[in-house]
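Asker: Chain by chain, the residues:
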Amino acid sequence: MSVIETRELRKTYGRIEALKGVSIRVEKGQIYGLLGQNGAGKTTLIKVLLGIVSKTDGEAGLLGHAAGDPAARRKVGYLPEDHQFPGYHTGYSLMDFYGALYGVPAADRRRKIPETLELVGIAGRMNSKIRTYSKGMKQRLGIAQALLHDPDLVILDEPTDGVDPLGRREIRELMQRLKDRGHTIFLNSHLLGEVELICDRVAILQQGKLVREGTIADLTRQKGRHEMAVAPGQQFPADAVMKLGYVVTPLPDRPDVFEVSMPDGQSIDPVVRLLLDKGLGLRHLVEKKQSLEEAFLATVEGAEPGVDKRPKGGRRVRQVGGRD
Amino acid sequence: MRQFFAILKDSFREAVDGFVIYLMLALSVLLVVVVASISFAPAPPDEALPKVMQNFRMIFPDRGKSAAPTGVPVEYKTADAEATPNGAKFVLTAASPKAPKSATADAEKDGAPADGFRYAVYAWREPAGEKNKNPFGNRPGGRNRNQNQRTDLEFVLPPPATAADLQTVTDADMAAFIKDQFATFAGVGDVTVTRRPGVAEPEYQFDVGLRDISGARGWPHAISLFFGSVPPIKGVPLGQALQFIEDVIVNGIGAAVTLMLSVVITAFFIPNLLRKGSVDLLISKPIGRSQLLVYKYVGGLTFIFLLSAVSIGGVWLALAVRSGQWDPSFLLVIPVLTFTFAILYAVSTVVAVFTRSAIAAILVSLGFMLFLYILGQVKSFFDMNKVTNIMEAPDWVYTVVDTANNLLPRYKDLDKLTSKLVVDSTLTPGEVRLGGLLTDYPSWSGAIGVSVGFIAIMLALSCWRFSRRDY
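Respectively, the protein sequence lines represent chains V and X.
The first sequence begins at 10 in the numbering used here and counts up by one.
The second sequence begins at 7 in the numbering used here and counts up by one.
Hints in this document: simulated from the structure, not taken from any laboratory.
Be a bit skeptical, because a hint or two may be false.
Stated by the list, open to error - Covered stretches of chain V (in silico footprint by chain X; criterion: 3 or more residues with CB under 8 Å from a CB of chain X, positions within the stretch not fixed):
(1) 32-38
(2) 82-88
(3) 95-102
(4) 247-254
None of the values given here were measured: they were computed from a predicted structure.
Glycine included, C-beta positions come from ideal geometry on N, C-alpha and C.
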């Protein structure tokens, strides 16, 4: 059973299509990243899963239940983007309130609240009013409330927003620990470096459509491009390689290393055989990759930043899908 | 229930977060302290008895069981009044040179002496006579269209009696009559009455002993503020003083102020819940939206319940300790006031869910409160007009007023009913019954039933909107 599964999920706000047939599948124990520009539909997708907004069409399931079913929400921890905690609560009382809504018994709450707040590093301020917390502390409190009831699935919408670099690293480590304990994490973040570091799979939404989905390796791989170098003192046979139909370019910063681009459908093996036949020693062969950020930018380049504009004469520019 | 109590507790935290609640609590405590400083001292018998016996001419027939009174003029005088420990003893003289002619015509014809006191006791002992007719009912154009409205004023005529009938009145009847009059009009239950022999009829003398007068509702008291430091107001029956404090000060002015301030304070609860970033967090919890909204609504009610419990409970306790009147009926004002607020808060909730604006919720709720008050006054006026026909009005006006009153919450009726609770628990049985003649009290079932229906519709509308909306 998948933890999250959507099929042809659609959501429209009036004439605006926020989700245009999104199908994703998140398996247990994964950290799944959701990427996209502002207004791409990421937050809308999360809200549909949690029943905060209703779907227009398609299917959405959460932990074997239909999206929005309170039974499913019992096993989900959620940190929304731009959350607002009531200022009249202390950190402890807020956790106690939410814990009771999740059905956590009072004795467990008394034990787990300090533990969880300790986990996110704000236990020392748990009896202070939330209105005295900094943004980073509120963010940590938000994560803590999402974890209090030991959920199977944790949905985090921009969890490191407002958190300093050290705190971000702690949150990354926390997510990794949660994953190691078998929790599934559904992460929505603009910080692509973080996503690249911890996510198992990533989906990229563009104007309500799922445009790419796969592992980090899948998304960052640059098919048909390799870096090659031979042993020191030997000359790389660039002309011979080009005669085989490959494009060879020395790297600007490392002249002894060459980028070899293959024609469609060919592998790097003929080049390797050529070097061996010439008695050259192969010292460097790496399939070229790009960063997730580069992959993301390449995917969304040229697209409008998550807005729907009226074609002609329209004055309204409306953002969709929350503030993602 | 865990979720219910969690939201209740959350609402409480929200309520006590602002300074207004503390201001209201401080005012409540101040009121309780002022009430606790009131001293009630029973007036001496020679001052009190003439006032107490002013009403003795009013008689409730059928041994006091009749709801409708009649009147027989008898002169009552006291002599040798002296105070005893928490009581009084005196000689009561009842005399009347003549009984009303219309009623004793037969007796006079028979040669019997005109004997007003004996006739008064007879009229008290026997079942009520014919009902008095409404003098307004025969006016040209009189309406009297509503079958539920009284067309006759609830007075009865004394029963006709012959001289032989009057002679059936015994000394025991006379003693029982005097005891009942003290119980009915003074609220004194412990009375001893012995007829003095050797007094020529139609004059009668009795040795009367009263006990427990200090807490008697109809006994005049000297009432002073701040533990006697303010010169007392003398001769006010204890019950009337208590009724003024409980009904006018607490249930009238205090309740109106509390309702208005509570509407303002609680109007923020739902809009705060519906704020972006807050509502997502709550909806994502495993609780149904309707459940969440209804629990939050009930949370708002607990606010006024606690506030009224403190102020009304405190006033009741202070008055009970100071006056010796421990009737707990006044405490029922707490749930009734909470229920009255429930009507206004249901309006506030529906406006808040549709607009997410606390200001809109406050304005509409207070406007609705004013509208219901005016409607109640208009309804009372037209009900009276049906009997008295003071103002000519077309039929459709009556239809509109009656329909609006039937469909909308009975805000004014609840006010009348709480007043009745106070009246019943403070005034003497005689004052209660005589007061009831002048006031039409609505039924509890009607007032609560229609209001509950209204609240249910408002909440259903709120839940429907809240459940369907995307946040």
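Asker: Need the list of violated hint numbers for this structure, in ascending order.
Answerer: Per hint list: 1 and 4 violated.
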